[in-house]
Structure formats: C-alpha cells, structure tokens
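Colleague: Sequence:
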Amino acid sequence: MTPESSTRTTAAPAYAERLHLTWWIWPVMLLVVAILGFELMLGFPDVPAWVVFAVLVPLALAGMAWVGRIRVAVTAGEFQVDDARLPLEFVKDVVALDAEGKREALGVGAHPLAFVVQRPWIGPAVQVLLDDPADPTPYWIVSTRHPVELATALLNRR
Numbered sequence: 001m002t003p004e005s006s007t008r009t010t011a012a013p014a015y016a017e018r019l020h021l022t023w024w025i026w027p028v029m030l031l032v033v034a035i036l037g038f039e040l041m042l043g044f045p046d047v048p049a050w051v052v053f054a055v056l057v058p059l060a061l062a063g064m065a066w067v068g069r070i071r072v073a074v075t076a077g078e079f080q081v082d083d084a085r086l087p088l089e090f091v092k093d094v095v096a097l098d099a100e101g102k103r104e105a106l107g108v109g110a111h112p113l114a115f116v117v118q119r120p121w122i123g124p125a126v127q128v129l130l131d132d133p134a135d136p137t138p139y140w141i142v143s144t145r146h147p148v149e150l151a152t153a154l155l156n157r158r
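Anchor point for the sequence shown: position 113 equals 113 in my numbering, and the numbering is continuous, going up by one each time.
Because the hints were derived from the structure by calculation, they are not lab data. Computed from a prediction, not measured in an experiment: that's the story for all the values here. One or more of the hints may lead you astray.
What the hints assert, rightly or not - Cβ-Cβ distance ranges computed for the label pairs, FRET-style: (1) V47 - A114: 42 to 50 Å; (2) A34 - G77: 44 to 52 Å; (3) D135 - R103: 19 to 27 Å.
Even for Gly, the Cβ is constructed at its ideal location relative to N, Cα and C.
Generate the whole structure from the sequences, applying the supplied hints.
Modeller: Laid out in structure tokens, this is it:
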C-alpha cells in the first residue's frame, strides 16, 4: 500500500462541477450517427446494418462521455481542472466572465501562455489571475456553468 499524496485531501470540495455535454447534443449526435451509419451501409452493402450501428452507437456514446469528463473543483488547498492542479496560494484574483467576456478573453488579445480549458457548449467562464514568479502562465481561463459561485469559492479559499 502506497501512502496518500500530501496534496490530496479527503475533505469535501468547496466547489465541484463536471463540464458535461448539454442535453441537446446527445440526440443531435445520435442523428449524425444514424446518417453516417446509412452512408456506410450504402458504401458497404455486404455488411449487415446491425454491425454498422453496433459499432457506431457505442463509439459515439463513449466519445460524448469522454468529452464531458472534465471536472472542475476547489478543495482546501488547490484549484483542480481535470489533471491540472493550481495551489490556491498563487491565485491573485478571479474574474467571473459571461459568454461575451469569455469570447473577448479568448480573442486576439489572449496571452499565448495562458492555460485554457474551454468548452464551446458552456458560455460563461472564470479567469484566474496568477501570482507565481516561477510560472510563465499569466492566468487560467476555465469554462463553468456557475462562474460567480466558482469565483467566490476560489477567493474564499485563498
């Protein structure tokens, strides 16, 4: 048995969210799978139809589940975005962005070294300004459905 990492905590996070796909993307993707399946059936008439759909439907469902796997959390000592970890001691400020603010922050004026986890189906985001002289990353931009709650959790845990 290996010891638990000192950076991991078992306390409940102050904020937790999964950036899953919105509900309407699932039926749209299944429609795309149906169209692609019929196209493949036309191209390969010797292959039974059930084989085409038995392969495409699980692949599409697994792909959509994988795309929506990103987890955003604020724990006692760090901001977690999927596998990335940011100690809260380096958080200088947090700005909640609406959809227009996110579009502007990710536009032509965006810093090329910024850490960005952006999901196009989620409008708002937060911009976390960093204060770490050893890190060239000036800020993080992370999509979230609840930017004010996430910003509040980050600022309260500093």
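Colleague: Check the structure against each numbered hint from earlier and tell me which ones fail, lowest number first.
Modeller: none
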